[in-house]
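Undergrad: One letter stands for each residue in the lines below.
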Amino acid sequence: MSGFFDTAPADLVATWVAAVATLAVLGSLVGERRLFSWSQHLLAGLATGFLALIALTDVIGPRLIEPIAADPAGRPELWLGVALAAVTAAAPWLPRPVAALPASLAIGTLAAFALGGAVLGTLLPQLDASIVRHGGSPAATVGGAVAAVITGLVLVGFLHGVPRGRLLTSAARAGRWLLLVGIGGWLGFLLLSRLVLLVDRIGFLLGDWLGVGR
Amino acid sequence: MTDRARLLRWFGPALLVAALALGWILPTPDVLRLATPDPRAAGEMTAALDALPDEANVLVGFDPDLGTYAEVRPTVRALLADLLDRDAQLAFVSLTAEGRALAVSERSRLEREGVDPSVVRDLGFVAGAEAALVDLAAGLSDRYDGIVVVGGNDLGPRSWVEQVLPRASGVALLAVTPAILLPEVRPYLATGQVDAALITPGEGAAYRGGLELEGSALLESREPSVLAILIGMLAAVAMLGQALGARAVATLRGTRARDAE
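Taken in sequence, the protein lines are chains A and B.
Going by the working numbering, the first sequence opens with residue 450, and the numbers climb by one from there.
Going by the working numbering, the second sequence opens with residue 23, and the numbers climb by one from there.
I should point out that these hints are in silico values taken from the structure, not numbers from a laboratory.
Check the hints yourself; a few may be wrong.
Stated by the list, open to error - Listing some non-contacts, in silico: residues in chain A with all C-beta distances to chain B over 10 angstroms:
1) Val466
2) Leu478
3) Gly480
4) His490
5) Leu491
6) Arg512
7) Ala518
8) Gly523
9) Pro546
10) Ala549
11) Ser586
12) Gly614
13) Gly631
14) Leu639
To be verified - To give an idea of the chain A side of the interface with chain B (calculated C-beta under 7 angstroms), a few residues:
15) Ala501
16) Leu502
17) Ile503
18) Leu640
Just so it is clear, CB atoms sit at the ideal spot from N, CA and C, and this is done for glycine as well.
Chain B with its partners taken away, still in its complex shape (with noise of 0.2 angstroms):
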């Protein structure tokens, strides 16, 4: 390896590091947003949140995975906060170790801002997976009126929607998952099996830019800094630029090469 190489190989990433720093704290100009122009999603998520009766009990399937659980923070926090603001009863349960994991942090987090633990009970981690939830799906429809699916693991929406759905009809299904799951989530969506999901960050921001809970202590205290996110995009486009430029001249000197024989 070359002076030079190993020079950008240290130097390259701690300079991504150091412009996503700096693209964290600058503040984010008026010109960029996160929030999606399409507020169909948004729309659709709140209205089946107002469909949902009065003191709502809801089934709260926390499993998202530790790795894109960032993406959907701020808009799972701000859904619960909508559900908690529309006096719903939550239960959170878990499937997996990691959405356990991340379900005890953010119930210990809404009940140290004050909320009444009685009404964010704890039904723990079920094993079993598929099976488990054809367990809690018996008579789930007489115990609550809709189910928030925050996925991202393994057992996500689809899993909801094969297992407990077909057990339990009637009862509303939302979901909050990262960008990953739209190809999955889309066509639930679509055939109406999921009443309402956000999906994207643009479509969590349009959500969270609705809602009229400012100041809530519950909400994430700061938005995802767009320009730290657009940097980072525009680095990665930058490496696949660069990667795809040398395979192309080193293709034409092959070529070169070989006419020159």
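Just chain A, same shape as in the assembly (with noise of 0.2 angstroms):
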């Protein structure tokens, strides 16, 4: 069960809206379209309302507005970021290079962290963990030298529009399959997972909505 509503009647009206809706998306598995759209439409305005929301109550509101009201000299950060957000909702009518400049900073910043954090978080540790060192077990030693194996042959099959030889050309090959069975595996755990989904709801209607087995 769910457990996300209660028994209190603003908690019955919540579990019978979720129960038509959840009938309304599995009417679609035996054609009944229209309902699925409006349920995808329904979706979609929640989603936008809430994200509406939370920007007003969790970011524009205590973290821009209250700080820049209780100190307005004292934060010149937030003046600054005022000031993009303005020149983003007056684009249209500036030079591009100036539109451009909220985007590009949010972009770049973006980027800088994700990639720093690749680096430093990700790759130097994984690179470090996968060298065989002197005295590991067999096992670590096998281990690490097929994934390094692995990984050169699914790069290799990366490789487009180079020269390429015989070898290359069967590395690459050998490549592209070892990527279709990491994204079959990989399906296979979407599988399942969408899978638990569908026999949650169906949990949910019987045992939260019908009650069977409460």
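Make one complex out of these two single chains by using the hints.
TA: Dropping the structure here:
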């Protein structure tokens, strides 16, 4: 049981709304597309409304307006943020280099953090761990060697448009097959996740809504 | 489309849903167990929780996604119940809107079950993705003894390992994620960057089975139905077999037709 709803009248209404929405989605399995389409619109509308709500209550209010109101001169970085937001809003009427500034800053900053983190947090530690060390267990040595070979072959599989010999072509083909095997395994996990979700929804209808097995 | 195909298209999914519903209602036979026989992951999680100090301050990075939350929900609830049973102080933070919605639901559920709101603090939604994590990492090791990441969305354990751990060393990082993130999280477990993780449903079930919190209202009231999941898996395998069989038959017929010409 999901346990999201209690027995108060508001929770009862929420359970019924969730049950009807679940039935509408499951209805698409037997060809009822109109209700399914309405439920998609409902989801999109709710998601947009929720995003707007948390932007106001969790970001703009407590992290922008309140600090500025408390100390207008003490937080220059927030005024800079307001200026960038104003530039974004006025983008259609501004010269392109100025209008592109906020988006460029956001993308550049995120890319810098993401790339730096990937190198420091993933690439270097994983490279260090994959190095076969003297005195390590045979299983770890074999595992590290196999991982290195598979990684190399898959990377070769991504080579496009470069002159290739017979060996490189065979390696690239093997790399692509290994990639497909990996994607197959990943899709297996995805199937499991979606199946558990379907069983959970059926459990919600039977248990939370109809009270079977409660 | 022939009448048979139309009937199959209508009845097939309806039959599958009915079979899953039956599997959910019927008791799971003892021979079917969700818990993995390898207790390593559950043991590592328990050991990592044991290593936390008394009344530990734990930051809960709550960013599952709606599509996979059903898979991890029993384990997440069990882990939160376990932490609260150890008198931990939890602080929830989300970096995605989906995570925030689910965090609000879980926090209100905990409060409804009688948990003191002061021990499940709400740090809300923090905008800014990776940049927000960098901001969160400032002074984090002074304020928190451990981090629990509930993953599933874009900003899961990998983002915490990449952005927070280099800036807040010494803080234990625990994770609960859906099985789909297994290839992403396992390497961090091997390097010790993630102290413990419950990734597959089997690992989650093994951890839940080892808890001594019977009857706690904070736990999921019912374990996932293994019988229903097995029925679904068998149906998926049957559909895959049918598709491959149909393709093989079509190829064979094409070859024969070419030979006949």
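Undergrad: If a hint holds in the structure, say so; if it does not, say that too.
TA: Hint check:
Non-interface status of A:Val466 relative to chain B is upheld: no Cβ of that chain comes within 10 angstroms, the nearest being about 14 angstroms off. Residue-level check failed: A:Leu478 sits 4 angstroms from the nearest beta carbon of chain B, not beyond 10 angstroms. With a least beta-carbon separation of about 6 angstroms from chain B, A:Gly480 fails to lie farther than 10 angstroms from that chain, contradicting its non-interface assignment. At the 10 angstroms boundary, the C-beta of A:His490 stays outside the reach of chain B, the nearest C-beta of that chain being 17 angstroms off.
For A:Leu491, the non-interface assignment is confirmed: its Cβ lies about 14 angstroms from the closest Cβ of chain B, beyond the 10 angstroms cut-off. A beta-carbon of chain B comes within 10 angstroms of the beta-carbon of A:Arg512; the shortest separation is about 8 angstroms. The Cβ of A:Ala518 lies farther than 10 angstroms from every Cβ of chain B, with a closest approach of about 19 angstroms, so its non-interface assignment holds. Consistency note on A:Gly523: stated as away from chain B, and its beta-carbon is indeed over 10 angstroms from all of that chain's, at 18 angstroms minimum.
No Cβ of chain B approaches the Cβ of A:Pro546 within 10 angstroms, the least distance being about 23 angstroms, so the stated non-interface status holds. Once the 10 angstroms rule is applied to beta carbons, A:Ala549 is consistent with being away from chain B; the minimum gap is 19 angstroms. Once the 10 angstroms rule is applied to beta carbons, A:Ser586 is consistent with being away from chain B; the minimum gap is 13 angstroms. Listed as a non-interface residue, A:Gly614 keeps its Cβ farther than 10 angstroms from every Cβ of chain B; the least gap is roughly 31 angstroms.
The Cβ of A:Gly631 sits about 7 angstroms from the closest Cβ of chain B, inside the 10 angstroms cut-off, so the non-interface label is violated. Its closest Cβ contact with chain B, about 6 angstroms, brings A:Leu639 to no more than 10 angstroms, contrary to its assignment away from the interface. Checking A:Ala501 against chain B: minimum C-beta separation of about 10 angstroms lies over 7 angstroms; hint violated. Because the closest C-beta pair between A:Leu502 and chain B is about 9 angstroms apart, greater than 7 angstroms, the hint is violated.
Because the closest C-beta pair between A:Ile503 and chain B is about 5 angstroms apart, less than 7 angstroms, the hint holds. Satisfaction of the interface hint for A:Leu640 is found here, the shortest Cβ-Cβ separation to chain B being roughly 6 angstroms, below the 7 angstroms cut-off.
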